[in-house]
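Peer 1: Sequence:
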Amino acid sequence: MCAIAQWPVPVSQKDLRKWLGLANYLHKYSANYAEMARPLTNLLKKDAVWSWTSEAQQAFEAIKSSLQSAPILALPDEERPFSVVCDASDFAIGCALLQVDAEGRERVVSFQSRQLKAAEKNYPVHDKELLAMKYALVKFRVHLLGQKPFVIYTDHASLRTATSSPHLSQRMARWLSFFAEYNFTVEYKPGKQNVVADALSRRPDYELAHLAYLESPLYELIREAYAADDDLAGIVEALSAPNKAVELTARQRSRLHRYSAVEGLLYYQVDGGDEPRIVVPNDEDLRHRVLYEAHDTPLSGHLGREKTYTSVARNFWWAHMYKWVRKYVQKCEMCQRVKPAPSASAPLISLPVPVPGTAGAL
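Using numbering that gives the first Met the number 0, the first residue of the sequence shown is number 0, and each one after it goes up by one.
Incorrect hints may appear among the rest.
To be verified - Using C-beta positions, here's what the derived DEER-type ranges look like: (1) Ser11 <-> Ala118: 29 to 37 Å; (2) Gly145 <-> Glu246: 25 to 33 Å; (3) Asp14 <-> Pro123: 21 to 29 Å.
Claimed, not checked - 27 Å max Cα-Cα, derived DSSO-like pairs, lysine-lysine: (4) Lys330 <-> Lys306; (5) Lys45 <-> Lys17; (6) Lys138 <-> Lys116; (7) Lys120 <-> Lys13.
Derived from the structure by calculation, the hints contain no laboratory data.
Every residue, glycine too, gets a C-beta built ideally from N, C-alpha and C.
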């Protein structure tokens, strides 16, 4: 709801049309909406001269206040099905959680939107739309995770078959395991009908107000371990002080463009289209701690080699990581005791050929 409440004052008819498009979609939940909006709609008339008066400002604030009042956001009813709308623009993604109430009206349960990070702005349109879908599932996880099916509406028709495509990017392959946790279908809704998510993703002033990172003791251990890794310590120093780059080895300099540092954590990207992942230093105990959290904890469920690797590779990176995962899963005591051993096929044997004319010869 903050995305709507903090919408900037329109400075042109184009900006006003964008905001009124969102407000008009939600007008059925606002009392006296038409009267409140009249000073604004007058500015959109064919021969109107653009002049943002105090009356227009009062109407703008009144509508925003009305949209934030109790009738606009409904309490979720876990017994009724949910639906999600999501959309992406060149600089932001937006989504909304919806539910049909007892009277058959589509009610908004929650709005969410955020600005795209620098690397995400380079994603192709298809991947940005998928990112918006992933963002919606994360934000509304508490309502959507489980066996009940729900629908995701998008204005990108190709997303209906995206998860079953045989040609997947490295990024999409990592996202597939995440999507598999949810029971949903994707339906196409053109942008003109997908008003809420489309508007939230296209705010003209979208600025990053706050970027929050998940904190855990593991991340603090990773920060501290960089100093003991000769290779990474030099890279961290070069990123904080570019003049130190000349002191790096030729091999380090050739890889420097793939690294970035944020709040003491080192991130690695294979290429420009890859999501940055946290670099885990060359510390055996620390790497085993990462693998433990991805494989052994109650939420991890002792998954197999491929799924464990996908879980780790979603957020972390180090050289030869797949080999580490394979050995770790093979040596897992719980998996050895509980999971069945692979059964070998019975060998082929030759059978005697019956004499022609006897029973069973044909």
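Peer 1: If a hint holds in the structure, say so; if it does not, say that too.
Peer 2: Verification of the hints:
1. Ser11 <-> Ala118: 29 to 37 Å: Holds - the Cβ-Cβ distance for Ser11 and Ala118, about 31 Å, lies within 29 to 37 Å.
2. Gly145 <-> Glu246: 25 to 33 Å: 53 Å, violated
3. Asp14 <-> Pro123: 21 to 29 Å: Given about 27 Å between the Cβ atoms, the range holds.
4. Lys330 <-> Lys306: 16 Å, holds
5. Lys45 <-> Lys17: At roughly 17 Å apart (the allowed maximum being 27 Å), Lys17 and Lys45 satisfy the hint.
6. Lys138 <-> Lys116: Between Lys138 and Lys116 the Cα gap is close to 17 Å, so the pair holds against 27 Å.
7. Lys120 <-> Lys13: 23 Å, holds
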